[in-house]
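Asker: Kindly generate the complete structure, drawing on both the sequences and the hints.
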Amino acid sequence: MNGPLIVQSDRTILLESAHPDASEAAIAIAPFAQLTRTPEHVHTYAITPLGLWNARASGHDAESVVDTLLEFSKYPVPHEVLLDVVDIMDRFGVLTLSSSPVHGLVLASANPELLDDLAEQPEMSGMLGARIDRSTITVHPSERGELKHRLLKLGHPVADHAGYVDGEAHQIVLSDDTHAGKWHLRDYQQRAVDAFMSGESGVVVLPCGAGKTVVGAATMASVGTTTLILVTNSVSAQQWKSELLRRTSLSPEEIGEYSGAVKEIRPVTIATYQVLTTRRKGSYLHLELLDARDWGLVIYDEVHLLPAPVFRLTASLQARRRLGLTATLVREDGREDEVFSLIGPKQFEAPWKEIERAGYIAQATCHEVRVRLDSGSRIAYARAAGEDRYRLAACTDAKVPVVEELVADHPNAQVLVIGQYLDQLEELGAALGAPVLTGQTPLSERTRLFDAFRAGEVRVLVVSKVANFSVDLPEASVAIQVSGSFGSRQEEAQRLGRILRPKAHAEPATFYTVVAADTVDEQFAAHRRRFLTEQGYAYTIRNHPFED
Amino acid sequence: MPQLISFAAWLARAEESWFTALCTARRDLMRADITTLGGVAAAAASRAGVAAGLEALSVPHLRAAHRAAVATRVDPAVPASALGADEAVLAELLRLGLMWPAQDSAVDTPLAAPAFRIHSEAVGLLPTSAADRAADIAWLHSARPQQVSPTRIAHSLLENAQAAAAGGVVGEVLSVLDAFDDAPASQLTSGGVGKRDMQLRARATGLDYSKAVFLTELAGQAGLLGVGGKDIDPQWLPTVAYDSFLDLDRAEAHSRLLHTWLMGTVDTTHVLAGRTGRGERIHSLSSAAGGARLNPYAGFPSSLPQLPYLKHLVLAELAETAEGPARAQAGATQAGASTQPTGVPGVDSQPAGTLPAAAEDGWAIPDAELFARLQWKRPLAAALSRATVDQLLREAQALGLVSSPLAHPEQHALTAIGRRVAADLRVAMRAAPAPAGYDPGLVEVSDRVRGLVTELLPALQTSVLVQSDLTAVATGPVDPRLHAELDNIADVDTRGQGTVYRFTADSISRALRTGMSVADVHELIARVSSTGVPQPLRFLIDEAAAKLRRVQVAPARSVLVVDDPSDLEPLLADPQLLAAGLNRVSTTVAVAAVPQDRLASLLEAAGQPTLRHHATAGPPPRAARTRASAAVTRRSLLVPEKDLPHHIRGLLHARSAAASGSADSPLGILDVLREAAAAGSTVAVTVVGADGRRSRFPLRPVQVTTGRVRGIREAGGRATEVALGISRIASAEPLGDDR
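From first to last, the protein sequence lines are chains L and S.
Residue numbering for the first sequence follows the UniProt record's numbering, starting at 1 and increasing by one per position.
Residue numbering for the second sequence follows the UniProt record's numbering, starting at 1 and increasing by one per position.
Since the hints were derived computationally from the structure, they do not count as laboratory data.
None of the values given here were measured: they were computed from a predicted structure.
Glycine included, every Cβ here is placed at the ideal spot set by N, Cα and C.
There could be a bad hint or two in this list.
Unchecked claim - Partial list, computed: chain L residues near chain S (C-beta under 10 Å):
| # | residue |
| --- | --- |
| 1 | Arg37 |
| 2 | Leu70 |
| 3 | Pro78 |
| 4 | His79 |
| 5 | Leu82 |
| 6 | Glu368 |
| 7 | Ala517 |
| 8 | Arg529 |
| 9 | Tyr539 |
| 10 | Ile541 |
| 11 | His544 |
| 12 | Pro545 |
Answerer: Here it is, written out as structure tokens:
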């Protein structure tokens with residue numbers, strides 16, 4: 001035994017990244033262990049029930065997992081971990097959902113006593129139908145998703161073999177170099193598509209800038225059906241549309257937009273989460289969209305942001321293939337299990353640093369700059385309470401000269417200044433002489449500003465959280481974060497993602513976060529940066545004024 | 001009606017081989033203070049002697065003894081046909097001195113005797129009344145357990161499990177001790193640690209509650225945790241033994257824990273439930289606190305400490321399970337005659353030490369099967385319950401003695417370490433004085449076990465990998481001294497085979513507060529890091545130190561504050577206040593070196609003392625007291641093994657000289673009274689009254705049990721039932737057959 005893995009009794013795995021067998025071991029454990037941290041020397045993975053069930057769903061059995069752990073382990077593996085692995089994995093498949101030509105959707109189990117128990121559970125009421133025999137019970141088709149979710153909560157994952165509807169066929173061809181185009185799918189993108197197609201539903205995890213949209217387009221081409229794409233906002237919707245036009249054979253007439261302003265339903269329809277969750281008098285106004293066509297594929301962009309109502313609506317879409325795209329499965333609301341049961345298991349993940357080493361995303365350095373509040377602000381801060389404290393600290397005037405200094409340090413770079421509070425952004429915009437783009441900015445103005453920024457006509461752009469997601473600004477190489485959504489780790493990752501698009505001259509990207517020292521701003525910043533440090537991004541931390 | 005013979009008479013007249021067999025089987029009767037045959041007979045017939053014999057019985061033997069005890073309530077001569085026992089069972093009961101032929105005529109052919117007798121004490125010890133028998137007594141009705149084919153466990157899996165456990169348990173015990181060191185738990189007035197305190201420590205160590213309780217008990221029994229602190233609030237703290245434990249070779253440390261476990265008398269299931277089987281409250285560490293009520297010998301068979309005995313039984317049974325398939329593999333020639341059962345339950349005639357100790361597959365049996373077998377072989381083992389056996393298996397697994405097949409966690413088999421421990425115990429227990437084959441004094445962990453463990457344990461890590469995410473990782477079992485240093489400046493994130501330490505502003509500040517300087521922290525990390533010190537960590541340390549410096553607490557016994565700076569100058573210059581040791585810290589504040597009362601008296605008219613500060617320093621406190629009493633060691637008059645042949649020869653020689661005990665020795669008195677009770681005859685007893693006066697009168701004993709004799713006293717034509725304490729009876733002599 002002298003492998004690169006150290007298996008801990010708390011079900012975490014430490015991987016020595018410098019070990020000669022580290023890459024092989026990482027590939028071997030990837031199907032069942034969730035990568036949680038990738039700092040420079042020792043990476044950490046977690047063995048979770050969801051991860052093990054993910055592996056089981058994709059064809060790995062307990063024996064192979066145990067063998068992998070024993071093969072690559074540096075020390076003996078705690079026996080209780082191995083017992084847990086076998087026990088947890090054996091639970092998957094005890095319950096199966098399948099389609100019966102006679103009874104429709106049925107839940108079956110080789111363990112009739114388990115079915116007896118479940119049928120008695122109050123959580124199951126209204127979902128299960130008539131008992132066919134001791135080991136089979138009918139399921140109301142509309143409850144397929146909710147049933148899976150509730151059973152998962154009870155510790156009994158369901159193997160869903162009920163299959164998917166093919167949906168309305170619609171030919172989509174990629175315009176890559178195999179089809180006379182000038183680009184090609186990257187290796188990891190192809191692997192992501194293959195993994196999805198073998199599992200038919202699930203989530204693909206790729207870093208910002210690694211081409212998740214392309215993976216979506218390639219998947220659409222593989223499935224070849226009408227597709228509903230759910231995105232975070234209308235800017236993102238437009239970017240999806242332009243990307244699909246660029247990457248596929250789809251024409252503008254084949255792509256519809258379903259948002260607050262436009263309600264087009266076409267073979268490929270892009271809708272925002274917001275419109276889908278719009279309610280009046282307690283009922284959702286746009287539910288008909290889900291049944292407007294016989295969708296063969298539903299794509300969820302930024303699945304970590306999927307609002308709770310969309311989860312509930314998604315429960316009724318279980319008969320359709322579902323692809324979730326995200327940079328991180330970390331959800332601030334802890335609904336990872338709903339992603340598993342309602343969208344599907346994680347089908348593919350590529351670590352950020354791996355993509356960076358391959359040159360597909362820019363190298364980035366991260367810096368935290370701390371400023372001290374002046375005496376007056378400190379007194380006001382001490383007297384404030386709750387959210388006001390964070391706001392006072394995050395919006396301190398002391399940050400303005402620091403941001404000016406940082407912008408001046410990068411005279412030739414395209415700089416994004418990102419913040420949470422509009423008055424702070426306005427103040428910074430005025431100080432920097434830069435345009436400010438927020439949620440209140442009209443769509444046409446937003447588009448104009450983004451275009452001007454891409455063209456280099458605008459060097460510094462001050463943006464609110466509307467630019468957190470799905471905005472392609474490949475020329476941005478410096479981001480300065482001045483405030484955020486408290487301790488949101490995924491927001492920090494998304495903001496870094498704004499500058500990770502590979503640069504024309506391979507310049508590295510620089511990410512600054514300016515925080516008020518000795519305040520909750522500093523504490524939130526420490527929490528926010530955890531995701532990226534665990535992904536291998538090293539932060540330097542400096543006090544302002546700088547000594548050097 | 002034929003004349004009944006007493007047990008002493010049977011011993012005197014039986015063939016020498018029977019007497020020798022008894023002496024060999026009943027080592028508990030071979031005592032330096034018993035040198036006559038009568039003494040041996042009386043000791044065997046005593047309540048303790050009978051109990052010791054009964055506790056060695058398996059279900060078939062016990063049922064035969066029970067039938068005899070029930071029948072003897074009516075007639076002391078129990079027909080052989082009423083026993084429902086075959087010759088082997090009878091032979092065993094005779095060999096253990098529990099039964100003997102009822103008539104003189106059968107002395108030469110005891111196994112063919114038409115009737116047998118059993119000691120009267122068995123009537124009281126066994127459930128012989130109708131009410132007793134109506135209770136749910138498992139061994140009265142249980143069926144012989146079905147033989148289940150054991151499940152094979154691959155050698156590699158067993159080796160992995162034992163190695164992980166052997167290394168892990170030492171680290172986990174150290175983690176528990178760390179938790180008590182970091183946050184000492186107050187001692188309950190009843191002696192132990194409260195449940196909430198234990199839950200907090202379980203959370204701090206990342207262990208599940210039941211395992212934390214087990215490890216805490218283990219640490220307590222090993223003397224690593226004790227009571228210290230202030231008398232007004234005694235706390236559980238690591239003892240000075242903990243500091244030396246840190247320096248032990250890890251195999252030695254494992255050996256220490258293993259020995260402690262084998263000797264441990266606390267049933268963890270009781271601690272987890274908060275109550276003993278008899279309903280007494282029990283907490284974690286109650287035993288280590290010297291809880292007087294926690295009698296390790298409590299239970300029916302009072303001659304053995306229950307938990308250690310049960311652990312021995314579990315290991316022995318699992319060893320026997322492993323032997324079957326191993327023998328089958330080894331071939332019939334090796335299996336031959338030497339492996340035939342001796343007829344003594346649970347004691348196999350396989351030569352000790354012949355078990356292979358390593359490099360072979362394991363054979364697991366279901367826990368339910370193990371429990372059923374133990375119930376069949378040792379039905380009177382008082383601690384034997386399914387929950388306790390399950391818990392012992394979990395504990396044995398934590399120590400690396402047993403493991404289970406991955407698909408069958410409810411089955412267990414011995415690992416190589418477990419097999420070696422079981423084999424060593426079996427060898428040692430051949431010299432056990434009790435007929436049940438167990439003596440806690442003979443338990444030890446051999447060098448061979450230590451050797452096995454040594455081979456399994458990886459080298460200790462003396463450096464860590466320090467990373468930019470403010471963690472340091474020891475990629476292996478960490479040297480305890482290094483761990484202690486790092487634990488001082490970082491929080492433990494995860495622990496196990498490797499340890500992840502996380503540096504935080506709080507952890508650095510904590511280190512600085514306990515007296516380390518910034519330079520010390522930098523030096524420590526640079527010294528133990530094999531990867532340098534990343535900038536964020538250097539920043540964190542400096543920033544934490546700067547924050548600490550920003551607001552400082554000065555050591556002062558009192559503080560002097562004035563509103564007007566001009567008031568302070570005269571006070572500082574006043575020679576009468578020199579004794580106060582005033583020292584200006586700002587324009588309006590000075591600190592004094594005397595308490596505020598003293599300063600006030602010195603100042604007389606001026607001065608406003610407001611704050612008092614305490615400097616914190618010094619080494620962590622250590623417990624002064626460990627366990628209050630030894631749990632299982634007892635003084636013994638037993639004849640040593642080497643002197644046994646000589647002792648038996650002496651008894652044989654004395655056998656012809658006296659057929660019964662002296663009528664005025666306590667054991668002799670009991671023998672006379674029991675025989676009279678069995679025969680319905682009258683004896684003359686001399687009783688010493690409370691005032692010291694002696695009186696002699698005839699008594700027809702009816703029942704002799706639990707230190708008292710109940711009988712009929714006839715005087716003046718009236719028959720009166722009396723009950724006398726045996727201790728009051730100075731002598732007892734038969735008056736002849738008056739039936």
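Asker: Which constraints among the numbered hints does this structure fail? Numbers only, ascending.
Answerer: 11 and 12
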